[in-house]
Amino acid sequence: MPTLLIALLVLPVLGGLANVILPAFGWLPALGENALSIKGFSALFATAGLTNMLMLSFSSALLSTLLAFVMTILIMASYFNSPWLGRIQRLLGPILVIPHAAAAIAIAFLITPSGLFSRMLSPWLTDWQAPVDWLLPHDPFGLSIILGLTLKELPFLLLIALGALSQKELGKTLHAQHKVALSLGYCPITAFFKVVLPALYPYLRLPVLAVLAYASASVEIPLILGPNTPPTLAVAILHWFNDVDLTLRIQASAGALLQLIVTLFTLTCWLVLEWLVKFFAKNSLTNGQREYAGQLIKWLTHLLTTLLMSVIVMALAGLILWSVAGFWRFPAALPEKLLFMHWQSAFSQMQTPIINTLLIGFAATSIALFLTLLTLEAEQQRGYELSSLVSLLIYLPMLIPSIAFLFGLVWLQEQLSSRHAYFNVIFSHLLFVLPYVFLSLASSYRLLDKRFAQVGASLGAAPLKVFLQIKLPQLLPAILVALALGLAISFSQYLPTILPGGGRINTITTEAVALANGASRRVSSVYALTQMILPGLGFLLAWLLPKFIFRHKDL
Amino acid sequence: MPKTRLVLRYMRLTLLLSALVTALTSYGQPTHFETIQQQGQNQPVYFHAWGGDAQINAYIQWLASEVKAAYNIDLVHVKLNDTSEAVNRVLAEKSAANHNNGQVDLIWINGANFAAMAKNKLLAPDWAFELPNFALTNPDKNPAMSRDFSLPTQGMEAPWGQAALTFYYDSVATPVPPKTLTELLSWSKQNPGRFSYPKPPDFLGVSFLKYALLVLNNNRPAQHLLYQPATPQSQALLLPELWQFLDKLHPYLWRSGRYFVSSGITLRRLMGDTELSLAFTFSAPEVAGAVERFDLPRSIRSYAMADGSLSNIHFIAIPYNAAHQASAKLVANFMLSVKAQAKKQQAMVWGDRTVLDLSALTPKQQEKFKPAKPHLSALPINSNSPALSEPHPSWSNLLTHEWLKRYGAQ
Numbered sequence: 000m001p002t003l004l005i006a007l008l009v010l011p012v013l014g015g016l017a018n019v020i021l022p023a024f025g026w027l028p029a030l031g032e033n034a035l036s037i038k039g040f041s042a043l044f045a046t047a048g049l050t051n052m053l054m055l056s057f058s059s060a061l062l063s064t065l066l067a068f069v070m071t072i073l074i075m076a077s078y079f080n081s082p083w084l085g086r087i088q089r090l091l092g093p094i095l096v097i098p099h100a101a102a103a104i105a106i107a108f109l110i111t112p113s114g115l116f117s118r119m120l121s122p123w124l125t126d127w128q129a130p131v132d133w134l135l136p137h138d139p140f141g142l143s144i145i146l147g148l149t150l151k152e153l154p155f156l157l158l159i160a161l162g163a164l165s166q167k168e169l170g171k172t173l174h175a176q177h178k179v180a181l182s183l184g185y186c187p188i189t190a191f192f193k194v195v196l197p198a199l200y201p202y203l204r205l206p207v208l209a210v211l212a213y214a215s216a217s218v219e220i221p222l223i224l225g226p227n228t229p230p231t232l233a234v235a236i237l238h239w240f241n242d243v244d245l246t247l248r249i250q251a252s253a254g255a256l257l258q259l260i261v262t263l264f265t266l267t268c269w270l271v272l273e274w275l276v277k278f279f280a281k282n283s284l285t286n287g288q289r290e291y292a293g294q295l296i297k298w299l300t301h302l303l304t305t306l307l308m309s310v311i312v313m314a315l316a317g318l319i320l321w322s323v324a325g326f327w328r329f330p331a332a333l334p335e336k337l338l339f340m341h342w343q344s345a346f347s348q349m350q351t352p353i354i355n356t357l358l359i360g361f362a363a364t365s366i367a368l369f370l371t372l373l374t375l376e377a378e379q380q381r382g383y384e385l386s387s388l389v390s391l392l393i394y395l396p397m398l399i400p401s402i403a404f405l406f407g408l409v410w411l412q413e414q415l416s417s418r419h420a421y422f423n424v425i426f427s428h429l430l431f432v433l434p435y436v437f438l439s440l441a442s443s444y445r446l447l448d449k450r451f452a453q454v455g456a457s458l459g460a461a462p463l464k465v466f467l468q469i470k471l472p473q474l475l476p477a478i479l480v481a482l483a484l485g486l487a488i489s490f491s492q493y494l495p496t497i498l499p500g501g502g503r504i505n506t507i508t509t510e511a512v513a514l515a516n517g518a519s520r521r522v523s524s525v526y527a528l529t530q531m532i533l534p535g536l537g538f539l540l541a542w543l544l545p546k547f548i549f550r551h552k553d554l
Numbered sequence: 000m001p002k003t004r005l006v007l008r009y010m011r012l013t014l015l016l017s018a019l020v021t022a023l024t025s026y027g028q029p030t031h032f033e034t035i036q037q038q039g040q041n042q043p044v045y046f047h048a049w050g051g052d053a054q055i056n057a058y059i060q061w062l063a064s065e066v067k068a069a070y071n072i073d074l075v076h077v078k079l080n081d082t083s084e085a086v087n088r089v090l091a092e093k094s095a096a097n098h099n100n101g102q103v104d105l106i107w108i109n110g111a112n113f114a115a116m117a118k119n120k121l122l123a124p125d126w127a128f129e130l131p132n133f134a135l136t137n138p139d140k141n142p143a144m145s146r147d148f149s150l151p152t153q154g155m156e157a158p159w160g161q162a163a164l165t166f167y168y169d170s171v172a173t174p175v176p177p178k179t180l181t182e183l184l185s186w187s188k189q190n191p192g193r194f195s196y197p198k199p200p201d202f203l204g205v206s207f208l209k210y211a212l213l214v215l216n217n218n219r220p221a222q223h224l225l226y227q228p229a230t231p232q233s234q235a236l237l238l239p240e241l242w243q244f245l246d247k248l249h250p251y252l253w254r255s256g257r258y259f260v261s262s263g264i265t266l267r268r269l270m271g272d273t274e275l276s277l278a279f280t281f282s283a284p285e286v287a288g289a290v291e292r293f294d295l296p297r298s299i300r301s302y303a304m305a306d307g308s309l310s311n312i313h314f315i316a317i318p319y320n321a322a323h324q325a326s327a328k329l330v331a332n333f334m335l336s337v338k339a340q341a342k343k344q345q346a347m348v349w350g351d352r353t354v355l356d357l358s359a360l361t362p363k364q365q366e367k368f369k370p371a372k373p374h375l376s377a378l379p380i381n382s383n384s385p386a387l388s389e390p391h392p393s394w395s396n397l398l399t400h401e402w403l404k405r406y407g408a409q
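So the sequence lines, in the order shown, correspond to chains A and B.
All residue numbers in the first sequence are consecutive under numbering that gives the first Met the number 0, ending with 554.
All residue numbers in the second sequence are consecutive under numbering that gives the first Met the number 0, ending with 409.
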């Protein structure tokens, strides 16, 4: 069973990569290019500003991940034993399900010179009667990209960290050890860094790398928030692929390979950084020092967390206001008039995209759930865990930049079955949904108390019956969360929808990205908000359904 | 058989078709188009068209409901970010040897995209002239209807609408807008950061460059070279003026010329935000529509530049491998009908100028094109500006390429 799962994930990725490598070396029969050459690479290296592109991709990915990681650790350290940890998690949780495009739109609306932020301060503080000409968003240093990526990555890392702590054994041990350290006179923050972090980090490592890989090659956030003279490499590749000049495809394929190298280099830098920290911090773990400016760090964390929360709240408020705004001239803090016209006109055009979004989401997630449950059950019945290689392979679609293999995958799909756009899109979504569903379900499945199954088996129940009547009901809440997560991932996919579907299949996300740089702030706000509401509903259901189903049982 | 086809083609080209159609219909025999009509019903048509404007999308939705009622055709609007996405798709299909079952039935296209598709033989030829409604454009008198950026269309595409570069400004921020390219430079110096143009290869951005190039070389003997394929000699002759002008202009642009919006439509949003005070568009009446939807302030006014307006026609084409060619032709014919063209020209619908020759229509039909009460923000009817024809498409690619080399990385 794992073999099927792995084949399903690995073959399309590798096949897609192969179909990018050939054109990169000049082999593109459609254009009459039948000879291997390196002209794609020479054109690529002659591109104006290539170094800037690479630096931008690299620095925005590394800095945003570093920032998100440090803030995760600071929040964990400062609120380790406080009820605030749960509260922050509940506040940030919803951010996780907001698609990247929607988050980028919200942030762009906040920091743009005519955005809510400068409207709040104008003209009473700044004396601006017209929007100033500052360079946010789209600044050449990628600060806006870093802000966007950090805001999206932080909740993910925080939830992973908290998820690791919620594993019974690990959580209990670490909390106990933390208490021991406190009783030895360690400051709570020092205790966290010296006792908890070294044990916790291994659980964070792979997710951090996945986040880093994603950030180095993401398209939506740099497209909406990033500079374009030049843009990041991934955005440039997308433009080349879509250019009128078809020979640029060779250059784009070469660029996709370069993107792979950039991503690998970024990952390597993280590992080196990790090693350096380990090397220099090794001694301080055992030096017995109890206190390192703990109070200061705590205040800093309070400040950062408050800042973060206000950015999120203001970005959301801005979106909601724009979606119902009449005329709204700068520097007015509120629109002249509130009206529902934009929602009404958007809804008249939104039905097909919403149906497509739901159809594709449910299809991909159901297949992913089915395969995951089958694999996990097979693993338990055979009594061995997946090897670490297999676990790593499951991450493959998350680690390899999608821009590098999706174009090749589309060529592959076209050669196999060009008429089934829905099938192609659902299949491509499955590549991205499956890893998340698997990861989200695997730990709950493996933590399931085996004695229930053993009692069932000893009473003569067949394995299938045990699976259906004992394990599944116990797993229902976890399955529903995995379902909601899978749906959220599918809802937010941009490239895997637009490319295999040939643009024929519109979802809320493709519409939102198409309109993000469009003419109307009001219409894009409506789409961005709809993009947030859909996955939110999924998680709400995942949370409410178990309560409803188990309402008569004392669990 | 080949002989008759040749004769037929000749007749099409001489545009006797409209007469032919009427004549044949009156005899009650199935004409070529009637055969198309029979074959084309009850099928889907995938129309690949740029989808960044809600107003245009709504008009295409209206088209869909009309062809559904008339022919039971399901017209599906595939919304593109960029028309080149559809070009790429057809190319990918050709490379996969999919020669009959293509996913793209109809494309909204012109200029460089058309040139690329025509060059790679990706379009169905010789169909546009045989549409009965094509005669309404009066092609004898308007040769522009069968030329796309100075390239002959050879029946590969049918005209859909026409547009001229129109400027609009925020009359609160700047009571007197610049009327010529030279004034634009001095105005920008007085109002730094209040004007910008989209980054090439965006269509509107390249159009601004072409407007500047044409005006800067106006009255120069070399200007006619712009209507021929670009050569190293003609480049050296014509381009330096443009770069000198841009070097002077860029420091006074929005974001000091260090960031250019990627899509032309974004200019309108920046006008709505009052970050810009002056912008331009290819579909003038969309400005009034945007004011009605609160996307632009009420103080917006439109005008045409006194030193000329870049003008072009946009078309619809059918890929050579489209799965539903007959249905696509039916849709294209309907798009050229008086009903569809009149609706498209209404400011509140889309405001795209018709390609039909009003003088060739009956008075009753002409009535449908009369504008309702003019909008304050719309282009005044009496605004006169010399039309500047589009240069040869090779200049678009060249301008993009050279621009990116100069200003693409800063």
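In short, the hints are calculated from the structure, not lab data.
For glycine and all other residues, C-beta sits at the position ideal for the given N, C-alpha and C.
Each hint should be verified, as a subset may be incorrect.
What the hints assert, rightly or not - In silico BS3-like links for lysine-lysine, alpha-carbon gap of 25 Å or less: (1) Lys67/B x Lys338/B; (2) Lys93/B x Lys118/B; (3) Lys297/A x Lys277/A; (4) Lys38/A x Lys338/B; (5) Lys546/A x Lys470/A; (6) Lys67/B x Lys38/A; (7) Lys342/B x Lys140/B; (8) Lys38/A x Lys140/B; (9) Lys449/A x Lys464/A.
Unchecked claim - Okay, the calculated bits of chain B under chain A, using three or more residues with CB under 8 Å as the criterion: (10) 226 to 240; (11) 260 to 270; (12) 283 to 296; (13) 326 to 336; (14) 353 to 366.
Stated by the list, open to error - Residues from chain A shown here face chain B by an in silico Cβ test under 10 Å; the list is partial: (15) Ala47; (16) Leu208; (17) Pro229; (18) Phe240; (19) Gln288; (20) Arg328; (21) Ala332; (22) Trp342; (23) Gln414.
Structure-based check of all given hints:
no. : hint                : verdict
1   : Lys67/B x Lys338/B  : 15 Å, holds
2   : Lys93/B x Lys118/B  : 14 Å, holds
3   : Lys297/A x Lys277/A : 23 Å, holds
4   : Lys38/A x Lys338/B  : 51 Å, violated
5   : Lys546/A x Lys470/A : 18 Å, holds
6   : Lys67/B x Lys38/A   : 49 Å, violated
7   : Lys342/B x Lys140/B : 24 Å, holds
8   : Lys38/A x Lys140/B  : 48 Å, violated
9   : Lys449/A x Lys464/A : 15 Å, holds
10  : 226 to 240          : violated (count 0)
11  : 260 to 270          : holds (count 7)
12  : 283 to 296          : holds (count 5)
13  : 326 to 336          : violated (count 0)
14  : 353 to 366          : violated (count 0)
15  : Ala47               : 4 Å, holds
16  : Leu208              : 30 Å, violated
17  : Pro229              : 5 Å, holds
18  : Phe240              : 7 Å, holds
19  : Gln288              : 48 Å, violated
20  : Arg328              : 6 Å, holds
21  : Ala332              : 14 Å, violated
22  : Trp342              : 13 Å, violated
23  : Gln414              : 5 Å, holds
Going down the numbered hints, you'll see the structure goes against 4, 6, 8, 10, 13, 14, 16, 19, 21, 22, while the others check out.
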